[in-house]
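Trainee: Below, each chain spelled out in residue letters.
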Amino acid sequence: MAFPLPRGITPPEISFLAEMEMVTILPRQRLEGLELLSGPAEPLLPPRRTTLPLWLALLLKRQRRANILPPSWLHPESLSLILDIETQHHEYQHAFSPPPPLPGQPSLRDRGKRPVATPRYTPDGGRYFPAPPFLPQNVTQDHIAAGEPPSLPFHWLEVGTMLLDAASDDLVDPDQTRRLLKELREVRTAKIRSGVDVLDAAASGGGGVALTGVGAMEIGEGRGFISGVVDGLRKIGASKEQARREQMAEDMANGGYDATQDDEDDMEF
Amino acid sequence: MDIDDILASVDRNDASSPESAALDHQLLTRFWVAERGVSELLPWPGALMARITDRVRKQIETIEDLAASSADPHPPTNNPTLNLKLSILQTDLARTQYLIRSVLRQRLSKLTSHSMHYLLRIAPADPSQPTTQQPEDSIPDLASVTDPSPLSSQELAFLHAHQSLLAGHYGASFLSSFPPQLRRLDDNAGGTSMVQGPDAREVVFVRCLVDEVRVVVPPGDGVEVETFGTSMRIGDVWVVRWEGIRGAWERGDVEVL
Chain W
1 MAFPLPRGIT PPEISFLAEM EMVTILPRQR LEGLELLSGP AEPLLPPRRT TLPLWLALLL
61 KRQRRANILP PSWLHPESLS LILDIETQHH EYQHAFSPPP PLPGQPSLRD RGKRPVATPR
121 YTPDGGRYFP APPFLPQNVT QDHIAAGEPP SLPFHWLEVG TMLLDAASDD LVDPDQTRRL
181 LKELREVRTA KIRSGVDVLD AAASGGGGVA LTGVGAMEIG EGRGFISGVV DGLRKIGASK
241 EQARREQMAE DMANGGYDAT QDDEDDMEF
Chain D
270 MDIDDILASV DRNDASSPES AALDHQLLTR FWVAERGVSE LLPWPGALMA RITDRVRKQI
330 ETIEDLAASS ADPHPPTNNP TLNLKLSILQ TDLARTQYLI RSVLRQRLSK LTSHSMHYLL
390 RIAPADPSQP TTQQPEDSIP DLASVTDPSP LSSQELAFLH AHQSLLAGHY GASFLSSFPP
450 QLRRLDDNAG GTSMVQGPDA REVVFVRCLV DEVRVVVPPG DGVEVETFGT SMRIGDVWVV
510 RWEGIRGAWE RGDVEVL
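Read top to bottom, the protein sequences are chains W and D. Note that the first sequence covers residues 1 to 269 in the working numbering. Note that the second sequence covers residues 270 to 526 in the working numbering.
The shape of chain D in the complex, shown without the other chains:
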């Protein structure tokens, strides 16, 4: 056990303290900026969101209690700052709710624009049984899925329902008049897959937060190993490909701007 682990355990113990509220707020803000800036769906921060929604619920209760006491026509103690306090708490609540809402809406928009891609990523299609050729059949069965990462389980349920409706609609409106072998939504005849995913090569703006981060070039195009490109220093702001710093982002070494 080294000193970092000890520090980590100390930091982790006080999940209900005001300081951890501040830290969670900073984490949510950073995640929001990253989710808004990156082309693909980022892993769902389940534990963070659970803590934050819990705090939001408690804060709403506090505000309701305060509002009830201010509506009381005969207050035992006249508190002149009560209205100011209420307006500050409500502004703070609205700002946090805005962040949560914006994260969720951005994720929904990414999910719906690449729905097949994410479905197949979570539940890879079974190549052994291409029996029936209806648009609905291209939707994978989610019964055996245990880990919905990078989605939350609610997002997965939404995605499945969304894609089922969409496939049914396509089938009813035009795909049923096509030859049976052309009806699937995940067709990859001729080596070209119909399923489009987000482009990980799109550039993002990042700030380097540790001593040095090297931009990686992931394997591909015949090169089997990862190679390294330019290196960033602490405090630097760079425009780089998302795929080049995705690993560093997951480690918390860079932040998306």
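The following block holds chain W by itself, in its conformation from the complex:
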């Protein structure tokens, strides 16, 4: 009544979120800097590049006041490389290609390194770690580290589609890009579908299913199905889980319980 939408953000809300991603633009006219509620917007001084939220970049683009510089992953070459990883790579046969690392997360090359996530602090004293859409995953980088494979950012489908819609003249070979995006989408949707078998793991207490590398819109599409299946399985298995817990309580009372055992039980499910 007060709110008709289902739980979990819906696809239109995900696009709204994706419009907060920062992109690089090349302004065609001057405009002074603005104090927006979503943070300060830098002044536009052609021909200097500026980084703006996607919604603002699209607003300027539609009025022909700026050109959008496509992010490096939205290039036929990068996309076909990612498609290769998704389809050919043995390691990623059932998983998504790795996402761009979060700040502090070691990149794929130095996998052995320990992650060092440094938080910012909120005015209320809480810790805050930035995450997409508030990371510069879609801005144009001048220097791409050598040997760094391209990766799909969290909002790849939405940003890609919006740029193809509104700024296809700024992209390199938009038709090829569109085709590759479609292929990527199909490959990845098939992976989600084949992953249904392991959903049982999320239905038990303490268990979960990893979807690392998934895109925001892919979550949005799968959310109803995945949470429905997991919640259904949980209800079916409720009495079994309760029995297992009671067994565990008994073992603990007898003094021979080790938390890691439970861990393995969960995975066998």
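Hints in this document: simulated from the structure, not taken from any laboratory. Every value quoted in this text rests on a predicted model; they were computed, and no experiment measured them. Note that CB positions come from ideal geometry on N, CA and C, so glycine has one too. One thing to keep in mind: the hints can contain errors.
Said to hold, decoys possible - Derived list of chain W stretches under chain D, where covered just means 3 residues or more per stretch with a C-beta under 8 Å from a C-beta of chain D: (1) 3-17; (2) 55-63; (3) 182-189.
Claimed, not checked - Straight-line C-alpha distance at most 20 Å; calculated SDA-like pairs for lysine to any residue: (4) W:Lys235 x D:Trp511; (5) W:Lys235 x D:Pro488; (6) D:Lys354 x W:Leu45; (7) D:Lys354 x D:Thr331.
Said to hold, decoys possible - Ranges between beta-carbon positions, derived for each pair: (8) W:Arg179 x D:Gly466: 16 to 22 Å; (9) D:Tyr439 x W:Pro106: 55 to 61 Å; (10) D:Gly466 x W:Pro6: 17 to 23 Å; (11) W:Arg179 x D:Val494: 52 to 58 Å; (12) D:Lys354 x W:Asp124: 28 to 34 Å; (13) D:Ser462 x W:Arg179: 55 to 61 Å; (14) D:Gly466 x W:Pro47: 57 to 63 Å.
Position chain D against the provided structure of chain W, taking the given hints into account.
Mentor: Relative to chain W, chain D alone:
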């Protein structure tokens, strides 16, 4: 005092700076996504909302001033970008207002669907005096409530009024024809409580933001201590039970997607 505290105090000092506006915007966005994704009502971020509504009010004043100057037929300085500027500011304002509205409506919807649960959570029923048996009597007295968490005080007032009306309506329309002992809305005869709450075992999609987060299994079913399940690594996206990562969410170690 360690380095983290020093950094925190530096970050906290500039509440009016543009950078803190950006940070608050990110916090509001993250809170909105979480509130939309989780089955139970999240704690009301009072300080954050106060800062944001304050900024929204100031921004509306700025926009009105700009609009007034553009309506002036004889502008002293002709500013060609004024209309563009206005439309950008208004779009930005509308986007922020949408976020606030969506958060509030989602919270209202959670409140109304489990109204008794939240009322009893804030003001536990007094078991000593089950004197009268009218539907209205099951609504707890809020006079002694000092901390309305997880609700805001306005939400609590709304919830109380809503539930009083609802109880009166139920009483007038059908409960008055029931035997007196069956008229209460918080009946728990036979060990089964009538009051239903949100299901904390429903799954959510989360992203791990720190080195490692372990999924917890809260005590229950005879096991008195918390046990740990699988562990998530930084950057991972998982489908897990909300009750398993609620603590990590409160610490800011995971975000709901």
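Trainee: All hints, please: hold or fail.
Mentor: So, going through the hints one by one against the coordinates:
no.: 1; hint: 3-17; verdict: holds (count 8)
no.: 2; hint: 55-63; verdict: holds (count 4)
no.: 3; hint: 182-189; verdict: violated (count 0)
no.: 4; hint: W:Lys235 x D:Trp511; verdict: 15 Å, holds
no.: 5; hint: W:Lys235 x D:Pro488; verdict: 19 Å, holds
no.: 6; hint: D:Lys354 x W:Leu45; verdict: 15 Å, holds
no.: 7; hint: D:Lys354 x D:Thr331; verdict: 11 Å, holds
no.: 8; hint: W:Arg179 x D:Gly466: 16 to 22 Å; verdict: 49 Å, violated
no.: 9; hint: D:Tyr439 x W:Pro106: 55 to 61 Å; verdict: 59 Å, holds
no.: 10; hint: D:Gly466 x W:Pro6: 17 to 23 Å; verdict: 19 Å, holds
no.: 11; hint: W:Arg179 x D:Val494: 52 to 58 Å; verdict: 55 Å, holds
no.: 12; hint: D:Lys354 x W:Asp124: 28 to 34 Å; verdict: 32 Å, holds
no.: 13; hint: D:Ser462 x W:Arg179: 55 to 61 Å; verdict: 57 Å, holds
no.: 14; hint: D:Gly466 x W:Pro47: 57 to 63 Å; verdict: 59 Å, holds
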